[in-house]
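Student: Line by line, the protein sequences are chains D and V. In our numbering, each residue carries its 1-based index in the first sequence increased by 86. In our numbering, each residue carries its 1-based index in the second sequence increased by 21.
Read the hints as simulated data drawn from the structure, not as lab findings. All residues carry an ideal CB built from backbone N, CA and C; glycine is no exception. Check the hints yourself; a few may be wrong.
Derived CB-CB ranges, DEER-like [said to hold, decoys possible]:
{"id": "1", "chain 1": "V", "residue 1": "G37", "chain 2": "D", "residue 2": "K143", "range": "35 to 43 Å"}
{"id": "2", "chain 1": "V", "residue 1": "P29", "chain 2": "D", "residue 2": "S138", "range": "38 to 46 Å"}
{"id": "3", "chain 1": "V", "residue 1": "S90", "chain 2": "D", "residue 2": "G145", "range": "33 to 41 Å"}
{"id": "4", "chain 1": "V", "residue 1": "I26", "chain 2": "D", "residue 2": "D141", "range": "35 to 43 Å"}
{"id": "5", "chain 1": "V", "residue 1": "Q86", "chain 2": "D", "residue 2": "D141", "range": "37 to 45 Å"}
{"id": "6", "chain 1": "D", "residue 1": "S96", "chain 2": "V", "residue 2": "I41", "range": "35 to 43 Å"}
{"id": "7", "chain 1": "V", "residue 1": "E39", "chain 2": "D", "residue 2": "S106", "range": "41 to 49 Å"}
Derived BS3-like pairs: lysine-lysine, alpha-carbon spacing no greater than 30 Å straight-line [said to hold, decoys possible]:
{"id": "8", "chain 1": "D", "residue 1": "K142", "chain 2": "D", "residue 2": "K131"}
{"id": "9", "chain 1": "V", "residue 1": "K92", "chain 2": "V", "residue 2": "K30"}
{"id": "10", "chain 1": "V", "residue 1": "K91", "chain 2": "D", "residue 2": "K153"}
{"id": "11", "chain 1": "D", "residue 1": "K131", "chain 2": "V", "residue 2": "K40"}
{"id": "12", "chain 1": "V", "residue 1": "K28", "chain 2": "V", "residue 2": "K62"}
{"id": "13", "chain 1": "V", "residue 1": "K28", "chain 2": "D", "residue 2": "K131"}
{"id": "14", "chain 1": "D", "residue 1": "K131", "chain 2": "V", "residue 2": "K61"}
{"id": "15", "chain 1": "D", "residue 1": "K189", "chain 2": "D", "residue 2": "K131"}
{"id": "16", "chain 1": "V", "residue 1": "K62", "chain 2": "D", "residue 2": "K153"}
{"id": "17", "chain 1": "D", "residue 1": "K189", "chain 2": "V", "residue 2": "K40"}
{"id": "18", "chain 1": "D", "residue 1": "K89", "chain 2": "V", "residue 2": "K91"}
{"id": "19", "chain 1": "D", "residue 1": "K143", "chain 2": "V", "residue 2": "K74"}
{"id": "20", "chain 1": "V", "residue 1": "K103", "chain 2": "D", "residue 2": "K142"}
{"id": "21", "chain 1": "V", "residue 1": "K91", "chain 2": "D", "residue 2": "K143"}
{"id": "22", "chain 1": "V", "residue 1": "K28", "chain 2": "V", "residue 2": "K103"}
{"id": "23", "chain 1": "V", "residue 1": "K28", "chain 2": "V", "residue 2": "K92"}
{"id": "24", "chain 1": "D", "residue 1": "K131", "chain 2": "D", "residue 2": "K89"}
{"id": "25", "chain 1": "D", "residue 1": "K131", "chain 2": "V", "residue 2": "K30"}
{"id": "26", "chain 1": "D", "residue 1": "K143", "chain 2": "D", "residue 2": "K89"}
{"id": "27", "chain 1": "D", "residue 1": "K89", "chain 2": "D", "residue 2": "K189"}
{"id": "28", "chain 1": "D", "residue 1": "K142", "chain 2": "D", "residue 2": "K153"}
{"id": "29", "chain 1": "D", "residue 1": "K189", "chain 2": "V", "residue 2": "K62"}
{"id": "30", "chain 1": "V", "residue 1": "K103", "chain 2": "V", "residue 2": "K62"}
{"id": "31", "chain 1": "V", "residue 1": "K74", "chain 2": "V", "residue 2": "K40"}
{"id": "32", "chain 1": "V", "residue 1": "K103", "chain 2": "D", "residue 2": "K189"}
{"id": "33", "chain 1": "V", "residue 1": "K74", "chain 2": "V", "residue 2": "K62"}
{"id": "34", "chain 1": "D", "residue 1": "K89", "chain 2": "V", "residue 2": "K61"}
Non-contacting residues of chain D with respect to chain V, defined by C-beta distances greater than 10 Å in every case (computed) [to be verified]:
{"id": "35", "residue": "S98"}
{"id": "36", "residue": "V99"}
{"id": "37", "residue": "P100"}
{"id": "38", "residue": "K142"}
{"id": "39", "residue": "L156"}
{"id": "40", "residue": "D179"}
This is what each chain is made of:
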Amino acid sequence: QQKVQQSPESLSVPEGGMASLNCTSSDRNFQYFWWYRQHSGEGPKALMSIFSDGDKKEGRFTAHLNKASLHVSLHIRDSQPSDSALYFCAVSDSGYNKLTFGKGTVLLVSP
Amino acid sequence: DPKIIQKPKYLVAVTGSEKILICEQYLGHNAMYWYRQSAKKPLEFMFSYSYQKLMDNQTASSRFQPQSSKKNHLDLQITALKPDDSATYFCASSQGLGGQDTQYFGPGTRLLVL
Numbered sequence: 087q088q089k090v091q092q093s094p095e096s097l098s099v100p101e102g103g104m105a106s107l108n109c110t111s112s113d114r115n116f117q118y119f120w121w122y123r124q125h126s127g128e129g130p131k132a133l134m135s136i137f138s139d140g141d142k143k144e145g146r147f148t149a150h151l152n153k154a155s156l157h158v159s160l161h162i163r164d165s166q167p168s169d170s171a172l173y174f175c176a177v178s179d180s181g182y183n184k185l186t187f188g189k190g191t192v193l194l195v196s197p
Numbered sequence: 022d023p024k025i026i027q028k029p030k031y032l033v034a035v036t037g038s039e040k041i042l043i044c045e046q047y048l049g050h051n052a053m054y055w056y057r058q059s060a061k062k063p064l065e066f067m068f069s070y071s072y073q074k075l076m077d078n079q080t081a082s083s084r085f086q087p088q089s090s091k092k093n094h095l096d097l098q099i100t101a102l103k104p105d106d107s108a109t110y111f112c113a114s115s116q117g118l119g120g121q122d123t124q125y126f127g128p129g130t131r132l133l134v135l
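If we strip away everything but chain D, and leave its shape as in the complex, we get:
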């Protein structure tokens, strides 16, 4: 079973709408959950990390973590066409900052 599972596989929202992505890990030894974004032809870029229960907000992006269920979500408010990309959830463990990634969610924001 994959250690990091993401849903949905793909998501389409209108410009200005809210996009919600989900991630669950089976690793109780995690240190941080991370969200990364990858545009076509580029390397992944970190959006934010979260460690504590509750919400963490950075601009239009809000992550919510429930440590008991090892579930994290990412909400993108006022989605823009430039937000169209592949979004990865990843967990860092207590070792040497190894990131374990999920398969990703493809987000399409249509004008």
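Chain D is already provided as a structure; the job is to place chain V on it using the hints.
Tutor: Just chain V, lined up with the frame of chain D:
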């Protein structure tokens, strides 16, 4: 200016050959990594280095050998190439090895093995 340089951008190789993927980072970071991304698997951790020392190795095959000649360099040598090695290889770096340290990824080298 790009802060993490990976060369070449594209690479075509024949089965059984050997290639070296180059990575240089100009972020002043102390830790560097290699990841692999293929159509079949999500982004996959391969190695982590700190101050030019190997810290973690998650590759099952000794055909993959990282090489660090300077603190800001981490090359990846791949020998006896197989078609299954076809993937995009990303180099990354971070200030330290803590779980809170952001990893910054390079643009990748896309390898195709025929």
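Student: Now tell me, hint by hint, if it's right for this structure.
Tutor: Now the hints, each set against the structure:
Checking the proposed 35 to 43 Å range against V:G37 and D:K143 shows it is violated: the Cβ atoms sit about 52 Å from each other. Look at V:P29 against D:S138: about 42 Å separates their beta carbons, and that is inside 38 to 46 Å. Taking the beta carbon of each, V:S90 and D:G145 are about 39 Å apart, inside 33 to 41 Å as hinted. Range check, V:I26 to D:D141: about 37 Å between beta-carbon atoms, so the 35 to 43 Å window is met.
Range check, V:Q86 to D:D141: about 43 Å between beta-carbon atoms, so the 37 to 45 Å window is met. A beta carbon spacing of about 36 Å between D:S96 and V:I41 agrees with the range 35 to 43 Å that was offered as a hint. Evaluation of the 41 to 49 Å hint for V:E39 and D:S106 yields a pass: the beta carbon distance comes to about 46 Å. Between D:K142 and D:K131, the direct Cα distance comes to roughly 18 Å. Compliance with the 30 Å bound is thereby established for this hinted pair.
Restraint check for V:K92 and V:K30: the C-alpha separation of about 22 Å stays at or below 30 Å, so the hint holds. The hinted pair formed by V:K91 and D:K153 fails the criterion: a straight-line CA distance of about 39 Å is larger than 30 Å. At most 30 Å may separate the alpha-carbon atoms for a hinted pair to count; D:K131 and V:K40 meet this at roughly 26 Å. Using a Cα cut-off of 30 Å, the hinted pair V:K28 and V:K62 holds, with the two alpha carbons roughly 23 Å apart.
A distance of roughly 19 Å separates the Cα atoms of V:K28 and D:K131; the hinted pair therefore holds under the 30 Å criterion. For a cut-off of 30 Å, the pair hint linking D:K131 to V:K61 stands: about 21 Å separates their Cα positions. Between D:K189 and D:K131 the alpha-carbon distance is near 15 Å, which keeps this suggested pair within the 30 Å criterion. The suggested pairing of V:K62 with D:K153 holds, with an alpha-carbon distance near 26 Å, which does not exceed 30 Å.
With a C-alpha separation of about 27 Å, the suggested pairing of D:K189 with V:K40 holds against the 30 Å cut-off. Simply put, D:K89 and V:K91 have alpha-carbon atoms about 34 Å apart, too far for the 30 Å limit, and the pair is violated. For the hint linking D:K143 to V:K74, the alpha-carbon distance of about 36 Å lies beyond 30 Å, and the restraint is violated. Distance restraint check for V:K103 and D:K142: the Cα-Cα separation of roughly 43 Å exceeds the 30 Å cut-off, and the hinted pair is therefore not satisfied.
For the given pair, V:K91 sits about 38 Å from D:K143 by alpha-carbon distance, which is inconsistent with the 30 Å threshold. Pair hint V:K28 plus V:K103 holds up; C-alpha atoms about 20 Å apart against a cutoff of 30 Å. About 17 Å separates the Cα atoms of V:K28 and V:K92, which keeps this hinted pair within 30 Å; it holds. Restraint check: the Cα-Cα separation between D:K131 and D:K89 comes to about 21 Å, which is no more than 30 Å; the hinted pair holds.
Annotation: proposed proximity of D:K131 to V:K30 holds, straight-line Cα distance about 18 Å (limit 30 Å). For a cut-off of 30 Å, the pair hint linking D:K143 to D:K89 stands: about 25 Å separates their Cα positions. Of the pairs offered as hints, the one joining D:K89 and D:K189 holds, with about 10 Å between alpha carbons and a cut-off of 30 Å not exceeded. With a C-alpha separation of about 14 Å, the suggested pair D:K142 and D:K153 falls inside the 30 Å cut-off, and the hint holds.
With a CA separation close to 7 Å, the supplied pair D:K189 and V:K62 stays within the 30 Å bound. The straight-line distance between the Cα atoms of V:K103 and V:K62 is roughly 16 Å, inside the 30 Å bound, and the hint therefore holds. Using a Cα cut-off of 30 Å, the hinted pair V:K74 and V:K40 holds, with the two alpha carbons roughly 22 Å apart. Only pairs whose Cα atoms come within 30 Å are accepted, and V:K103 paired with D:K189 is accepted, the gap being roughly 23 Å.
The suggested pairing of V:K74 with V:K62 holds, with an alpha-carbon distance near 27 Å, which does not exceed 30 Å. Restraint check for D:K89 and V:K61: satisfied, since their Cα atoms lie roughly 16 Å apart, inside the 30 Å limit. Chain V leaves D:S98 outside its interface by the beta-carbon criterion, the shortest separation being 21 Å against a cut-off of 10 Å. Distance to chain V confirms D:V99 as a non-interface residue, since its nearest Cβ pair spans about 23 Å, more than 10 Å.
The beta carbon of D:P100 sits about 28 Å from the closest Cβ of chain V, which is more than 10 Å, so the claim that it is off the interface holds. Every CB of chain V lies more than 10 Å from the CB of D:K142, the least distance being 12 Å, so the non-interface label holds. The claim that D:L156 is not at the interface with chain V holds, since no C-beta of that chain comes within 10 Å of its own (minimum 15 Å). For D:D179, the non-interface assignment is contradicted: its Cβ lies about 7 Å from the closest Cβ of chain V, within the 10 Å cut-off.
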